Amino acid sequence: MDVTEVLLPGVGLRYEFTTAAGQRVAMVARRSGEIDLALYESGDPDECRELISLAPHEAETVAEILGAPRIAERFADLTKEVPGLSAGQVLISEGSEYDGKTLGDTRARTLTGASVVAIVRGEDVVASPSPAEPLRAGDVLVVIGTHDGIHGVERILGA
Amino acid sequence: MTASTASSGFWGPDLLVTAAGGDSASALLELGAVLLGLGLLGVLAGRLSLPGIPLYLLAGLGLGASPWFDTDPAAGFIEVAAVLGVVLLLLSLGLEFTAAEFSSAMRRHLPSGVIDLLANATPGFVIGWLLGFGFVGSLALAGVTWISSSGIVAQLLSDLGRLANRETPAVLSVLVLEDIAMAIYLPVLAVLASGGQWPRALLGVALATGVVAVALWLSARQGERVALAVSSQRDEHLLLRVLGLTLLVAGLAEFVDASAAVGAFLVGLALVGQEARRARELIAPLRDVFAALFFVSIGLNVDLSDLPPVLPAALLLAVVTAVTKVWSGANAAAREGAATRGRLRAGTALVARGEFSLVIAGIAAGVNDELAPLATAYVLILAILGPVTSRLVPTRLRPVTAS
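Residue numbers (the numbering used here), protein chains in the order written: chain B, 1 to 159; chain A, 1 to 403.
It cannot be assumed that every hint is accurate.
Unchecked claim - Covered by chain B, according to a simulated footprint, are these stretches of chain A (three or more residues, beta-carbon under 8 Å):
no.	region
1	130 to 139
2	171 to 179
3	240 to 249
4	338 to 351
Treat the hints as calculated values from the structure; they're not laboratory data. Because the structure is a prediction, the values reported are computed rather than measured. Note that CB positions come from ideal geometry on N, CA and C, so glycine has one too.
Let the sequences and hints guide you as you build the complete structure.
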């Protein structure tokens, strides 16, 4: 799918794409975290009809539904090929002691042998994060390791 | 009975006397009434789908005209709050932009920006000259008519669901270019208005453009490092550091006659990345409160009797610069390939003038007594006229209920 990115100075970014069904859709990602979905009814980006406006936490939920599990799913495909290896997601919850600390501070790999291979943060994915990567509440860590290792990471992060 | 005895004992006679007669008490009461009134006006503005600025100005005019207000203690606080309002407005303006957005606006819309400047600043300058404002006064009036209100326009685009429209990047780019141009314009005006000569003004500009260039370069190359200098995990700490830094720089700028507004703007530009995003969110509510008080103080400082003499000039200026703005805005939209309706939407959206016209009038208020009343009347007209006309542009979309 081709996605056109248009910069909206002071507002955010606009993504435009055409679905397989032929609908031309615009998604305005505001800096405040709000997401507007709009449809160009005539197929011409001259005027749009605003369809849905998502508040930041709603957009995050939608992104989580669309995003994190999919990344984990892809790793799940990979882990099927190696016996004993599995993938999981661990959320840094609000008020977690690691909110504001770095990945290295958790000592997750040292203690459990499981690796954090990605951090999903809103719309961004930090692939292969370094120990210096800061953690924030709301981050979803994608973890690969043994079953026990992943549970260990969950315990450490209090999830 | 026991409860009332206990409470009178707790409050004590001294405290009651202080509360009834103290200056701070009446200041608080007045300030509370003013803020509450502004809050209600804000609701009213929302109902009428109008920006708050014109109503806050009217509130200030009304308060200024009422005989009991000018000697009252809250007036002093409002004066200080107004200065903070200007500083916060400019700080958050600087925080709005990233180097990427600025360079994108430059690449695509530099001609639109130049046309915008020529078409809208010229009428202000000429009319100012004809009114006998002299060079500096005319230069100030040129700025007043040139710059659209980013706040009103961005809100309008969002309210009318136009963010995804084809012409919108053009509108926003024009706003960015106008706002960045303020970094050159404001120091010149500030130095000249405070009686400085051209060499000094040019020095001010060189300094400001130098700082802007360094800030933009920093934000493009080393953004995260500058941000680290003020970065902090807790909101409270970040807010205090950013505010402190801004007020210091604003004070220094004021000290060298370059206007506090310019200093605050530069701090905003220099902060980027994650910290800028957080600072923007943290400062927004503060800015809204103090900016509202700034608009009130503009109204307070204008005598109602000063308005009728400048009204014809304000009307003429409003009509002329509404037309030139529609034209220059349409020109910018054409660059994005928008058709007639899109061009009209872009042009009319940009008609609204607001906060920065008033900031400019405030900086140059000492140059000519008629400037502030004229700018106030002018902004009152266009802050209302702009959003109203922009809604009137016909749409091709069927109403939702009909589909």
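Taking the hints in turn, this is what the structure says about them:
1. By the rule of at least three residues with a Cβ nearer than 8 Å to a Cβ of chain B, the coverage given for the region 130 to 139 of chain A is violated, with 0 such residues.
2. Note: the region 171 to 179 of chain A has 4 residues with beta-carbon separation from chain B under 8 Å; the three-residue rule is met and the coverage holds.
3. Residues of the region 240 to 249 of chain A lying with their CB closer than 8 Å to a CB of chain B number 0, which falls below the three-residue condition for coverage.
4. Requiring three or more residues with a Cβ within less than 8 Å of a Cβ of chain B, the coverage given for the region 338 to 351 of chain A holds, as 4 such residues are present.
Checked against the numbered hints above, the structure breaks hints 1, 3 and satisfies the rest.
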